[in-house]
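A.B. asks: This is what each chain is made of:
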Amino acid sequence: MPIFVKRLLAALVIVLLLIAMNEYMSEQGLFGFGVPPYYARVIMLAGINIILAVSLNLITGFTGQFSIGHAGFMAVGAYTSAYLTVYYAQAWERSLAGMIGTGLAHALIFLLAILVGALAAALAGLVVGIPSLRLRGDYLAIVTLGFAEIIRIVILNIDQVGGATGFTVPAYTNFLWVGAFAVVTIIIVYNIVHSDIGRALVSIREDELAAEAMGINTTQYKVLSFVISSALAGMAGVLFGHYTSFLSTNDFQFIRSFEIIIMIVLGGMGSLTGAVLGAIVITIMPELLRQLPGDFSKYRLVVYSALLIIIMLTRPQGILGTREFGLSWLKRAPKRPEGDKPAGEKGVSIAEQGPPSAIDQKKEMENR
Amino acid sequence: MKRLLISLGIIASFVFALACERKGGPGAGGNSGPIVIGYYGDLSGRTSNFGQSTKNGVEMAADEINKAGGIDGRQITILSEDDEGRPEKAATVVTKLIDQDRVVALLGEVASGNTLAAAPKAQAARVPMISPSSTNPAVTQVGDYISRVCFIDPFQGDVMAKFAANTLKAKKAAIMLDFNSPYSRGLTEFFEASFKKLGGEIVDKQSYTQGDRDYKGQLTAIRSKNPDVIYVPGYYGEVGVIAKQAKQLDIKAPMLGGDGWDSTQLWDLGGDALNGDYISNHYSVDDPSPAIQKFVADYKARYGNVPDALAALGYDAMKVLADAIKRAGTTEEPQLKDAIAATKDFAGVTGTISLDKDRNAVKPAVVLKLQDKKYIYVETIYPEGMTAPATAVTPVAAPSTSTSPAAAPATSPARPGTTASPAKAASPAAGTRSTASPS
Amino acid sequence: MDTFVQQLINGLTIGAIYALIALGYTMVYGILRLINFAHGDIYMVGAFVGYFMAFQLGFAAGPSLMGLSVVLIGSMIAAALVGMAIERFAYRPIRKYARMTTLITAIGVSLLIENLFVARLGAAPRAFPQLLQEKSYTLFGNAAISKSQILIFAVSVALMLLLQWVIFKTKVGTAMRAVSFNLNSAKLMGINTDFIISFTFALGSALAAAGGVLTAQYNPQIDPLMGIITGLKAFVAAVLGGIGNIPGAVLGGLLIGIAETFVVGYGQNVGVPTTFRDAVAFAILILVLLFRPTGLLGSTVQEKV
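Chains as they are written, first to last, in the working numbering: chain A, 1 to 368; chain B, 1 to 439; chain C, 1 to 305.
To be clear, the hints were calculated from the coordinates, so they are not data collected in a lab. Hints are supplied without guarantee of correctness; some may be wrong.
Said to hold, decoys possible - Some chain C residues judged to face chain B by a derived CB distance under 7 Å, without partners named:
#1 Q6
#2 L116
#3 V118
#4 A124
#5 P125
#6 N184
#7 S185
#8 A259
#9 T261
#10 V264
#11 G267
#12 G271
#13 T274
#14 T275
Just so you know, even glycine gets a beta-carbon here, dropped at the ideal spot from N, CA and C.
Here chain A stands alone, though its shape is the one from the complex (with noise of 0.2 Å):
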């Protein structure tokens, strides 16, 4: 089969899942059998932060660009989109209706909102990458944690969004945006990091003099990177309000930003596929543990955290390392010992060497 229509194949198959998956998600069910509404909501949110940990890991694991402002960039997505679907949206939408269908209308300004969000992210990044990207290591991540701060507190100081109160904005999103938007985020991602683009992002997450040294301009790609995983995140931003339903500066304190560092740590920097596993695990552990009986359940934060302090105990490089999981993975006969691939596959290659703090290590050793 020529590769275009293999492709087209597999395009068609994720958007029936997606719909279908939609569909069963919904409130009607398909078939008459749904997921219950809090396991709907606890997917929701996994797909959302699946959109999140994806493109936090290309700056911080792939470029090796150390940023925990994440939150902030959300933010700007989502409350940008929300004051656009809040004050214009519903008339344009109802002028666009008598065109093109109700349906058709809303899909169509939520596109847009999106894109406006991601767009208004963007633009953020870019301001906060050029000046912050000359900074090295601790220095960029405290600066881009005071950014993301700062970002909270001019958005509590504008009442038109709600200020400290909160923003209702309508719920627009669905699981097929989620899912969709999950998928893009990650094609985009995979796309970036298999390009000569990523070759040159991940050379200098290995060494960044050496990358300059071969003559790739290391401030243009660093900037990139971040201002793409800024809209991405503005995008994750955008389904999370419209989602929630209700925008509330208190979702975008300086703990989410910790939480999407910690999916991409979980899942292994780096790893594609880990970021996603890192985002399912760290979405649905808090959930799983209000299980625990009675009296216990008071201490669910306290086993939360101490899992987390165990996996990074037991497992520093993450649960996948830099390895990816996927179908090649699948396909494989079970007996092969792990981390072994066969000849001419793609795709997993980015730095396979040692334990990925080696070159971290020594290059640090040498600073001092």
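Given chain A, put chains B and C in place with the hints provided.
C.D. replies: Okay, now just chains B and C, sitting in the frame of chain A:
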């Protein structure tokens, strides 16, 4: 290939495990078996002291009802979930309580932001929700299944403004608000508007956020403006320290606050610095009325500390709900919702509660003076449309506030079967009144 | 003018506390290149140890200098032990791994301490007993300084001088500097690096605990989450001064304290609403780092290839 098949199998079984048959509407109603009620609140986050207090009040009320034989012989079960003080989680746990635990009604949240996030879920699933202490007006506008037992920001802000302007004859007020708290901002907004309308002037407005360690910067700025009163609509944790630091800076103007001040911890934190300050509240723990004293004593025996306003409101929310279930005679949601909305002159600990057409509690507020670790009754201020009962002897209050006496019936005696004394809210602390009346 | 002096005093007080906590961040970073996110919680632990000691030992009854010093020193020792335990059990096993891993572990430890305290003690603020007879001294005009503020200045200056002495005049201090310069070479020189790292955590934690007890005298409200914001600002102070640099941490702390207070006091005159107070620390940090990427006193490290 084997792996692929196994994985597909796992995924498929996972998806089917998730499936459940869809039934029309929530399946929680019915008229037999225990009554399951959901409580959600912050039990682990920054505001978890509020969530915990409310939970204590709710559970105590439920236990009292159960000990007295339940509602029509049915026992109450309270299921509590922690939302970590995050709006996103609030909506998640409410979904869980409705969907997994099939609760017939919900009680919660303290913070308006979290209630606003969760209320649409309850409204969509048609499960009645009573918020014990979310004061933002928007909360009950979510829909007809949402109600509350506390007064709303406009009323409380108004009460203090009137008290400051009319009773204390203040001309210049400064405000120090908790900027992150919708409660504090709501009170500020309405205090400001009302105080200006009464001819006063707001000379300075400063803000802090929960978790700050130092307030002297703001207080120094306020001091340089020389206000007659300082309005601090915050929570006790910060307020006690603010009072103390104000005294260290030699600020003489009295501070005014809201029900967020009500806690015994306030005295530990602020000590003597609080003397001479005033708060608006639902009731006074030092009120000699037997119903209140019984509540305070029971709470103390059970939890080891004096209840704060949030515990009292949680207690009342549970009692109002139980009363509505009793009156409805069923836990079917639509009837229950109507019964809650019809709550009238319910004698709660925090005052006589009636719900208006927007399902907001209409009840009088009391102004208390803080003196030597006691809340001393000063006056009762009635909401518009509610008159002072004839029995109330209010030396300084009322005439300015009850503008439309004809609009609503006067407080009627409490229904038989409830323990509260008639018109209790109007005459708290009869014993301390004479000492407390401002000259 | 007296308002200005008053604001300066207020700012320096809060700045001194930030500085005490920032020292711990900066020392640990200097040695391990680790942002110890749990450090803010050590500050909280210190305050709580002091709280329980004061009640257990009966010092809560009334102010006494004796009580204050016992509580202060006791909580410093306890916090030092906690800091050492955290290092031993959470950080040492993964020291050789990527910094991201240690960072997440640090966040995990921080969450664990906070959640454990909330679950055990509840998040309700508690009132720290008054161990110091509070008294205000009028300087001139309206400007006043309270006894607790004087205490904060005195103790923090004393502790900073002591720290300076430890680092530059003692054998352990020399070893600390060697480890911070190059961990592996230090090891080759026969320095017991594990011990030195442990010692650094103890030192930093003790300082944070002192900060905790001192603020509790100034602002008696303590709660299990008090370390989050204060810790974050102290961390910002450490980065502002140049992380890894000890005088820098002190300078950063004082600067942030003063800046915050002045935004509150004078921000409105120049169009900055006081509600932006919490953003100011970050704004200053960002501005400074744009011009001095390694902080105010940080040395520019030339990266070797």
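A.B. asks: Against which earlier hints does the structure fall short, listed by number upward?
C.D. replies: Numbers 2, 6, 7, 8, 11 and 12, in rising order.
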